[in-house]
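Colleague: Residue numbers (this note's numbering), protein chains in the order written: chain A, 1 to 358; chain B, 1 to 358; chain C, 1 to 358; chain D, 1 to 358.
Fair warning: there could be bad hints in the mix.
Each pair may be met inside one copy or between any two copies, as identical chains are not told apart.
What the hints assert, rightly or not - Using 25 Å as the maximum straight-line C-alpha spacing, the simulated SDA-like pairs for lysine to any residue come out as follows:
#1 K99 x T313
#2 K60 x F72
#3 K99 x Q324
#4 K99 x V35
#5 K200 x S167
#6 K99 x D268
#7 K99 x L36
#8 K99 x V320
#9 K99 x E73
Quick caveat, the hints were computed from the structure, so don't treat them as lab data.
Since the model is a prediction, treat every value here as computed from it, not as a measurement.
As a plain string of letters, each chain reads:
Protein chains: 4
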Amino acid sequence: MPGNSTGTYFRVTTFGESHGAALGVVIDGCPANLVLNLSAITDDLARRRPGQSSLVSPRKEADDFEIVSGLFEGRTLGSPLTFLFRNLDADARPYEAMKDLYRPSHADFTTEARYGHRDWRGGGRASARETVARVAAGAVARQLLHRAGVEIVAWVDRVGDIDAAYSGAVSREVVDANPVRCPDPLRAAEMEALIRQVRKEGDTVGGVIRGRAVGVPAGWGEPVFGKMEARLAEAMMSIPAAKGFTSGSGFEGARRRGSENNDAFYQDSTGTIRTRSNHSGGIQGGISNGMPVEIAVAFKPVATLFRPQETVTRTGAAAVIEPQGRHDPCVVPRAVPIVEAMMALVLADLRLGVSRSV
Amino acid sequence: MPGNSTGTYFRVTTFGESHGAALGVVIDGCPANLVLNLSAITDDLARRRPGQSSLVSPRKEADDFEIVSGLFEGRTLGSPLTFLFRNLDADARPYEAMKDLYRPSHADFTTEARYGHRDWRGGGRASARETVARVAAGAVARQLLHRAGVEIVAWVDRVGDIDAAYSGAVSREVVDANPVRCPDPLRAAEMEALIRQVRKEGDTVGGVIRGRAVGVPAGWGEPVFGKMEARLAEAMMSIPAAKGFTSGSGFEGARRRGSENNDAFYQDSTGTIRTRSNHSGGIQGGISNGMPVEIAVAFKPVATLFRPQETVTRTGAAAVIEPQGRHDPCVVPRAVPIVEAMMALVLADLRLGVSRSV
Amino acid sequence: MPGNSTGTYFRVTTFGESHGAALGVVIDGCPANLVLNLSAITDDLARRRPGQSSLVSPRKEADDFEIVSGLFEGRTLGSPLTFLFRNLDADARPYEAMKDLYRPSHADFTTEARYGHRDWRGGGRASARETVARVAAGAVARQLLHRAGVEIVAWVDRVGDIDAAYSGAVSREVVDANPVRCPDPLRAAEMEALIRQVRKEGDTVGGVIRGRAVGVPAGWGEPVFGKMEARLAEAMMSIPAAKGFTSGSGFEGARRRGSENNDAFYQDSTGTIRTRSNHSGGIQGGISNGMPVEIAVAFKPVATLFRPQETVTRTGAAAVIEPQGRHDPCVVPRAVPIVEAMMALVLADLRLGVSRSV
Amino acid sequence: MPGNSTGTYFRVTTFGESHGAALGVVIDGCPANLVLNLSAITDDLARRRPGQSSLVSPRKEADDFEIVSGLFEGRTLGSPLTFLFRNLDADARPYEAMKDLYRPSHADFTTEARYGHRDWRGGGRASARETVARVAAGAVARQLLHRAGVEIVAWVDRVGDIDAAYSGAVSREVVDANPVRCPDPLRAAEMEALIRQVRKEGDTVGGVIRGRAVGVPAGWGEPVFGKMEARLAEAMMSIPAAKGFTSGSGFEGARRRGSENNDAFYQDSTGTIRTRSNHSGGIQGGISNGMPVEIAVAFKPVATLFRPQETVTRTGAAAVIEPQGRHDPCVVPRAVPIVEAMMALVLADLRLGVSRSV
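Please work from the sequences and hints to get the whole structure.
Modeller: Written out as structure tokens, the structure is:
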């Protein structure tokens, strides 16, 4: 199928270009009778919004949404739930000068190779602006999951070479206590300084986000191609700039012996079967085991630099590009709610897919 | 949809349990008129087969296949192409003593949580034996891709803490020159020694596989949820024991500045637009850019140890498990053809999905 | 998957309730670079619009649309093409008195049984107003098909007991020459009189529409579950009030001998293989044979009567209902463009699905 | 997606050619822990089998099946349930003489147009033999539905011009009391005589089957494109030789006034909301209303005649064909279990798709 939908039971289709009339999302399969908490949706959107701090892109989009279908008297109808976001601060002028150039490490060249036609204004469909629709859908999924006892939190674990240090539970309050969204306040300050520094240099920097879902009961997921980590990997790698994914012990686990990496089972005092360690990241054989679901996502540095770079024109002629426009020097602070949204979409879908007993 | 199918256009459904009557795969959407090279399929299967070297599980399965549909006079019909593999050396006895225990870091517990019923013989559906069906399907996909000029090769890049060193093109001949399937002969020997050592200790060890596809033209892939790296990530993370995925610069890129990580465009002497570096791993905005597609997959150490481990019974009672049976001390040598097969399935599907021009 | 999408390659998702903020449609998979003819879309919509003649519902909806995504510089981008229709003349008051009653042969009762929550204003999602989105998507599909040489026309073949008589080609001009949309002007006048008569009586009447696609080349369709007539049947039976479908000789053919019903092959003077008769309706074994694709669809009489009817309340109490609101006395004149649109959606999807050769 | 699968939650994929090694079916999504009644499956298959009476094709296929996956200790595992049917009496010789001819009203010509390659032995994939796999899958679905209180029965309502007369409940016992499978014994005898007559003439004859599902609760089905009648229509029109479908009052209803056709609601003595008539055929707005689901399917006369017919060769040369082989003079007696199976597949899928409440 074409690539703008994800999920089977909680099926999400996004539409819209960065500088077109509007973006939006249709959620098909959202159960009926969910009382939507609109302010929670607004809160999630505010965390993704440009202009929210001095660390991020100054594009001014309120990201106000209109729900044009699927909601009646405050409750979902079971019919398609559609959010619409108008593009209000879309300024195409900075892109005009670059419209015949391929921005390095952007999707300009590949989009043209694929479609032969491209909306050059702000990256069109490939813009990170598309994620506004994902965050809205994820906020709905999160409300479904909340009723099932599942809570999701993500945070910045690394910016450039700066790794955070922390342990135990991480709350949204701690995450949002600084503009970097890192639960280690000391490293957060260093990360912030680094981001300001690279911006000053017209450069950008990458980072790593970790995500965790607590409360997922044992038994969600499909065993072969629909494994929970496969679905999470697909979801995370569909976020712009994502280039790596791990669940549980990830690449570190690949260095270990089985005797170090295995998670021993025991029964806790409530009679629940648990594991002493969680190197599996809450997933065994593709199915949740009741422990926290733990993932990490690597983001490359933002491709738009405010310095000259070698490139070619649409006809292949050598050129130098020096972009204008409004961009983030580091994507991870704003990507935290996107990672959370994508986790929520996957988990809501898997929950609805757990088949009925006979 | 249920989780035993993958792909949209080149749609693959596997079936079968490790110790049931048979395993198999139905490929729906394979174009008609492909002259199948059966010996190439046999070759790919031989590289995944247990018993192929002293480093791997001694289970004796010839992995002979029967094509029961979809092929007529040596050419595909366009109808479902079905491979059947009989289980001939399925010995359930070693599993009988463990049938009421949950093997740590296996899928026993989660399968029961999901389905309430489990084929305890050899891991049932969650067994790595299921991948025999994927390798067969991947071998067909590879033949389709070959006609499009695409060749895929994978190899072992790391075992435990031993990292290989090599550069440039890697051929299957070089990969298969040692039983570890590592293109660095010195490190391969160390890896082999490590694998023998951990086996002697009743332990296991993890590793990393890299995969590369050359010849993929610019323009394959979908832009949003169907990004090529999202599809590859899903495919790789669906392989048993996979816990991490990267494309291009992956987690390393997350440490870099944009000015280090961006891939500058230039036009080569043939008029083709290329990039000077390939930190994008051949994929930009989810769509191939004509450079080699480069991925890596992290595998955890095999969960079956031949030493006592703490666990619980199905009723939650504390127990000690010490498995019997036939197992690999390290999964990566046999996982090389599986990674290649899953790459081939994704690329064949994306190729067929590139929409027609109007 | 949830039920608001259709098609695999040319994938159409509609959203919106009759009296909500808006209706719309997302088309995912429309090839890029199609120069959209907007006035042709407007023309198709005008033929479905209420208020277009004195035979149909007087609801006043201009059905003006906004394309909010997927179109740039007049050409499709290959990204989701989204149409938005605002509900401007949605008057919920006539429905308020009926909101706790189940209208006979409407979807009120079943929607509540399914979802436990219902937008009672104008039938909500089950309203025929939803078809405005289908006609827009169908108009796009029709433009794709036009480039492939395919033209679709539908017409009214029967109203109540009045059967039309005509033969040979039927053009849109002939169809639109009378408000019933019947190519037999004499019977059309009788049909029109019948419709006026039943409306005067507060009653309604059913009818039959025939559809034809000419120019479909041999070789479109899938052989088993995706047969062209299966896909057309599904599409037609998804139209509100449709209760019957035939392709080719249909129920009449079931009365015949094989020697009467078979279509003999011959080669025409251009070298094309054709059939002397077309009892197959252009489809053999689920795949087009190059002859005109011929279908018929039966529509029940509109369920809303302006006379008292027995029913029950939401709590099961006996009640009498006498609806208010704006309704058609006969659905078929306005259903003609809907049948055409659904034919176009199926054919465009099948065309894009014809697999590439290797 | 390619056309060999149907259903979303109870997903069925069939494979195999008429004269290949085997046919089969993979059911993905069958809930775990269903104790399969194998003799009930055998019974359903026996009703479809050739050679069961002197009215049908004498091909001798026992239709013995092997379940190669998905079943353990008599209960389904939740993994793919796979049935395999070996072709044992496949005699390709009668087809050899016709392999370069297009049999009129068969799929030979269209299959070649679609795929450029064709298994000419017995119709290959387009053969009605493929339905053996559907009947097996349908028998499993029927067992699921039985637990939900749903029972399905189909019967022959017409052969040629002979229409049966009966009323009220129809049981399988009554249906199977004569080889035509018609619940009107007088007309059944006439139908049988007609079938013998047309066979003697080397001719064939069409017919109509009716199907009914009782016990379907209100609330199954999807509202827009996934309407229960749309899904049933698609399923029925995917059966070889099907050319027409109706639900409820069908084409007859198209002749009526709304005041005749509407189904008045009332509450019965048990408190259940029912309708006084059932012109809706148990489906309103695409969703079941708790009344019996009633459909009819028109089958064209079998295309294979034992008399000379005009046709062309693969190169377009005029030719006369006079088929050999083993064929039914009328498809409807053996199609009764196929209609039941397809009804069961659709209803099982819709049942599993009814979304959970939040």
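Colleague: Now tell me if each hint is right for this structure.
Modeller: Structure-based check of each hint:
no. : hint        : in the structure
1   : K99 x T313  : within (9 Å within a copy, 56 Å between copies)
2   : K60 x F72   : between (31 Å within a copy, 23 Å between copies)
3   : K99 x Q324  : within (12 Å within a copy, 56 Å between copies)
4   : K99 x V35   : between (45 Å within a copy, 20 Å between copies)
5   : K200 x S167 : neither (32 Å within a copy, 36 Å between copies)
6   : K99 x D268  : between (61 Å within a copy, 22 Å between copies)
7   : K99 x L36   : between (41 Å within a copy, 23 Å between copies)
8   : K99 x V320  : within (13 Å within a copy, 64 Å between copies)
9   : K99 x E73   : between (46 Å within a copy, 14 Å between copies)
Figure legend: structure checked against the earlier numbered hints; the only hint not met is number 5.
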